[in-house]
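Work out the full structure: start from the sequences and follow the hints.
Read top to bottom, the protein sequences are chains S and V. Those letters in the first sequence? Residues 226 to 337, by the working numbering. Those letters in the second sequence? Residues 602 to 717, by the working numbering.
Calculated from the structure, these hints are not laboratory results. Just so it is clear, CB atoms sit at the ideal spot from N, CA and C, and this is done for glycine as well. Be aware that one or more of the hints could be misleading.
To be verified - Label-pair ranges, simulated between beta-carbon atoms:
1) V:Pro682 <-> S:Glu240: 47 to 53 Å
2) V:Ser659 <-> S:Thr230: 19 to 25 Å
3) S:Asn247 <-> V:Thr639: 21 to 27 Å
4) S:Lys285 <-> V:Arg698: 24 to 30 Å
5) S:Thr230 <-> V:Arg686: 24 to 30 Å
What the hints assert, rightly or not - A short list of chain V residues far from chain S (calculated; beta carbon distances all over 12 Å):
6) Pro609
7) Glu612
8) Val613
9) Glu619
10) Ser628
11) Gly629
12) Pro662
13) Lys669
14) Pro671
15) Asn672
16) Ala673
17) Ser674
18) Gln681
19) Pro682
20) Thr715
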Amino acid sequence: GDSVTQMEGPVTLSEEAFLTINCTYTATGYPSLFWYVQYPGEGLQLLLKATKADDKGSNKGFEATYRKETTSFHLEKGSVQVSDSAVYFCARTWGGSEKLVFGKGTKLTVNP
Amino acid sequence: DAGVIQSPRHEVTEMGQEVTLRCKPISGHDYLFWYRQTMMRGLELLIYFNNNVPIDDSGMPEDRFSAKMPNASFSTLKIQPSEPRDSAVYFCASSSRLAGFWNEQFFGPGTRLTVL
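Encoded structure:
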């Protein structure tokens, strides 16, 4: 079935380091792809999204490009900050419905 | 808008008791989702509604779980009887296909449930 696989964490970086969190999805249909972020003690919030192949989603310095040829949607940021410490979830749409299928989440800790 | 509102934020109960979690979606949103989050299983979709009608409840773990949406501004998730393995954070989310928010789900702060 439709699924999303993201790299296992936790990931620990120093401030201003480069971040990549890998995400791949099952190649069924034409899904929209998302990255959500969950800060401690809060619900998930949308970070960025892409709705078709070669689209690039971006927000708050984070970017991800919808790669159909590699079925990937890797999250990147050039210079992380302590405030980026959170859990990041990759997600895709399921069929033509409003359902989202989430990856297991990757916990990022950024040290000063 | 106040966002998605959930209550209570924390619930501690004893095994066998009934638990009711409440959610108020964002006004005007026509989809409502209930999720459960645990360390072991991650984020699981339990059920979702469209225009107050349950569309997919395939994620509801068993008959002890039930969800209702009596009107567009209120939903409940009930567990009866509760068991220790139900301990988790339960999230409610809402979305709308209108205004360009296609598939963007807005999450509430969650209810942390502990069943002793």
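Given as non-interface: glutamine 681 of chain V, partner chain S, CB spacing beyond 12 Å = holds, 25 Å
Given the range 24 to 30 Å, decide if the beta-carbon distance of lysine 285 of chain S to arginine 698 of chain V lies inside it.
-> Since lysine 285 of chain S and arginine 698 of chain V have Cβ atoms about 25 Å apart, the given range 24 to 30 Å holds.
Is the nearest Cβ of chain S still more than 12 Å from the Cβ of proline 671 of chain V?
-> holds, 20 Å
Compute the least Cβ-Cβ separation between serine 628 of chain V and chain S, then decide whether it is above 12 Å.
-> holds, 18 Å
Proline 609 of chain V remote from chain S - nearest C-beta pair above 12 Å = The claim stands: proline 609 of chain V keeps its Cβ more than 12 Å from every Cβ of chain S (closest is about 15 Å).
Non-interface claim for serine 674 of chain V: all C-beta distances to chain S beyond 12 Å?
-> Non-interface label stands for serine 674 of chain V: nearest chain S Cβ at 18 Å, farther than 12 Å.
Measuring Cβ to Cβ, find out whether glycine 629 of chain V lies farther than 12 Å from everything in chain S.
-> Check passes; 15 Å lies beyond 12 Å.
Hey, does proline 662 of chain V actually stay past 12 Å from chain S on C-beta?
-> holds, 17 Å
Please settle this one: glutamate 612 of chain V was flagged as non-interface, so is its CB more than 12 Å from every CB on chain S?
-> Given a closest Cβ separation of 16 Å, the condition holds.
State, for the Cβ atoms of threonine 230 of chain S and arginine 686 of chain V, whether the hinted interval 24 to 30 Å holds or is violated.
-> holds, 26 Å
Note whether the CB distance of asparagine 247 of chain S and threonine 639 of chain V lies within 21 to 27 Å or breaks it.
-> holds, 23 Å
Exclusion check [proline 682 of chain V not at the chain S interface, CB over 12 Å] = holds, 27 Å
Hint violations for this structure: none, all hints satisfied.
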